[in-house]
Every structure is written in C-alpha cells, then in structure tokens.
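S.K.: Put together the whole structure using the sequences plus the hints.
What follows is each chain in one-letter form.
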Amino acid sequence: MTTPVNKEDAFSQFLLRMGDNTLILGHRVSEWCGHAPVLEEDIALANTALDLIGQTQMWLGLAAEVQGLGKSADDLAFLRDAWDFRNLLLCEVPNGDFGRTLMRQFLFDAWHSIQLGRLMKSSDERVAAIAEKASKEVAYHLERSADTVVGLGDGTEESHRRMQEALDYLWPYVGEMFQSDDVDAEMVKAGIAPDPASLREEYDTLVSRILTEATLTIPESRFAHKGGRNGAMHTEHLGHLLTQMQWLQRAYPGAKW
Amino acid sequence: MKNEWPLWEIFIRGQHGMSHRHVGSLHAPDAEMAIKNARDVYTRRNEGVSIWVVEANHISASSPSDKGPLYEPSESKVYRHPTFFDIPEEVGAM
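For the record, the sequence lines run as chains D and R. Here the first sequence stands for residues 1 to 257, numbered as in the numbering used here. Here the second sequence stands for residues 258 to 351, numbered as in the numbering used here.
Honestly, I wouldn't trust all of these hints.
Derived Cβ-Cβ restraints for the label pairs, each shown as a range [claimed, not checked]:
id, chain 1, residue 1, chain 2, residue 2, range
1, R, I292, D, W257, 30 to 38 Å
2, D, A251, R, E304, 36 to 44 Å
3, D, W247, R, S320, 50 to 58 Å
4, D, V38, R, V348, 18 to 26 Å
5, D, A224, R, V311, 44 to 52 Å
If you're looking for bench data, these hints aren't it; they were derived computationally from the structure. Being a predicted model, the structure only gives us computed values, none of them experimental. Note that the Cβ used here is the ideal one computed from N, Cα and C, for glycine as well.
M.R.: Below, the structure written as structure tokens:
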C-alpha cells in the first residue's frame with residue numbers, strides 16, 4: 001500500500017476503487033450466466049453484469065487518463081495482479097447460492113446508489129457524468145435486488161433460512177464501504193467525492209428498511225473485514241477470480257477480436 | 258410442478274402512439290416481478306416504452322375447432338369490403 005502524496009495519485013486511486021468494484025462484482029455476477037435457477041433470472045443477472053462492466057470501462061478509462069501512463073481501461077483490467085486491485089472485499093467473495101449472490105448484490109447496490117447520487121454533484125465533471133449515466137442502471141439494480149431479497153427473505157422456510165445465512169456471512173464485509181483514509185480526505189478536499197463515512201447513516205436506514213420487510217435480522221456485530229479498497233490484503237478468492245478473468249490476455253498478450 | 262411460477266403473457270409498446278403488441282411469455286412469482294423480468298428479457302435492445310403483463314390463465318381464447326362457425330361466414334360477404342367505390346385520383350393512397 002502506497003500512501004498518496006498528491007491529488008492526482010489520490011484521484012487515480014479513487015477511480016480504481018470505483019472501477020475495480022464494478023469490474024470484480026461484474027465478473028462475479030457473470031459467473032451465473034447459463035447457471036441461474038430460472039431463465040428470467042439468468043438474463044437479468046447477465047444484464048446486471050454487463051451494466052457493471054460498462055461502468056468499469058468508464059471508471060478505468062478515466063483512471064488510465066488521469067494516470068497519464070499511456071494505459072487503457074483494458075490494460076488496467078487485465079494486466080494488473082491481485083495486490084493492485086482496489087475493490088471492496090464484498091465484491092470478490094464467491095457467489096455461494098443464488099440467495100447469497102442477491103444479498104451481496106443488494107448490500108452493494110444500496111451503497112452504490114447512494115455513492116453515485118453524491119458523485120453526480122462532483123466538482124470533476126467527468127466523474128459527475130459517469131455517475132449520472134451509471135445511476136439510472138443502478139437504480140434498477142437496487143429495485144430488483146431489494147425486491148428479490150424481500151421475496152426470498154419473507155418467502156418459504158428454506159429461502160428465509162438461506163437469506164439469513166447469507167446476511168450473517170456478508171455483513172462483516174459491509175463496514176469496509178465506510179472506512180475513510182488519506183485518499184478519501186484528498187477527494188473530499190477537492191470536492192470530487194464524499195467522505196465514505198458520511199454515507200453510513202443513509203445506508204443503514206435504507207438497508208434496515210428492506211431487511212426488516214424481508215423479516216431478516218441484521219447481525220449486531222460491527223466487526224468489519226478490510227484491506228480491499230486500499231489493497232493491503234485481499235481475500236484468497238481474488239487471485240482465483242483473476243486467473244479466470246485474465247487468462248486470455250495473459251496467454252495471448254494483445255489478443256483482439 | 259406445483260412450485261413453478263405462473264406464466265405471464267408480455268405486451269410491449271414500441272413507441273408512443275403505437276399499440277401494445279404481444280412479444281412472448283415468461284415466468285414470474287407476481288405481476289411486479291413479471292414486469293421486471295419482461296424489462297430484462299424483452300427490452301434489452303431498446304424495444305419499448307411501456308410494458309403490460311397478463312397472467313396467462315386470465316386470457317380466454319377462441320377454440321380452433323370453432324373456426325367454421327366463427328370465421329367462414331365472413332368469407333362470402335364481399336360487400337363488407339369497401340372495394341366498390343371509385344376513389345378520385347387526387348385522394349391518393351387510402
């Protein structure tokens with residue numbers, strides 16, 4: 001982990017965080033393609049994954065531009081190793097069952113929609129424009145994942161049990177979204193992005209409303225796994241994901257179609 | 258298959274001023290999810306501005322075996338087609 005010394009470094013770190021979240025989660029969601037429990041959900045998940053990959057192109061494209069090292073969004077996506085990724089750990093944990101995938105999606109979508117709402121007012125107009133475009137997609141993601149969490153949570157005995165297990169497993173990954181560091185302080189100072197900690201109250205209100213409707217119980221512990229968004233320590237799952245996601249560019253450098 | 262979600266028929270309006278057209282069917286647990294699924298399955302390429310969903314078992318259909326009494330009588334009623342009028346040329350295509 002390198003401590004950023006100036007605004008440009010902090011800005012590109014911030015952009016990597018946004019783009020790596022959508023890239024890694026988008027890849028995870030795409031793993032369901034052809035495997036979802038019903039056709040309709042299969043297509044819906046693929047749509048979500050594609051939305052997230054599309055947003056990745058914008059965030060990582062801007063990150064590459066700000067870095068000014070002549071790299072492209074593709075270079076950043078396919079030619080970095082695990083320690084260079086800046087996504088939340090939540091995005092890289094394995095899918096588990098369908099319920100856990102949708103719970104993870106909901107917990108992310110809720111944060112994502114609030115974050116994008118703030119970024120639409122960014123002092124950097126490129127950031128504001130990306131946020132504006134992404135926010136419409138994410139509003140739909142949130143509506144869909146929230147509905148599914150309620151449907152399964154307040155569903156059968158089995159679906160309720162699975163959703164509670166998913167929430168218990170994923171909740172310790174929520175806290176990382178709100179941990180502020182030097183990069184964030186620099187972004188707040190420049191008016192580019194909000195302080196992550198300032199999103200927590202709105203997030204808790206939204207999430208507890210939906211989870212209450214889903215008859216699910218939020219774990220009391222506020223323990224939070226961390227190390228994803230600053231790159232200090234990813235889970236062992238990220239490396240496995242990258243071997244799948246990056247193998248083509250690694251095996252056939254520069255391959256195009 | 259008692260655990261199957263009900264079948265929904267999906268109608269989509271392509272643009273304002275047009276009528277909704279049947280585009281296909283899908284499964285969903287309720288009407289709200291049927292609209293969401295229709296959005297994901299049938300409007301991926303910018304096809305629609307409005308979606309209707311109707312649970313398939315609420316649709317009543319004519320029986321194919323009734324086609325004689327239902328449709329054949331109209332075959333011999335040529336006077337129902339407005340083909341006996343001379344249209345002035347300046348009217349153009351009707």
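S.K.: Check each numbered hint against the structure and report the violated ones by number, ascending.
M.R.: 4
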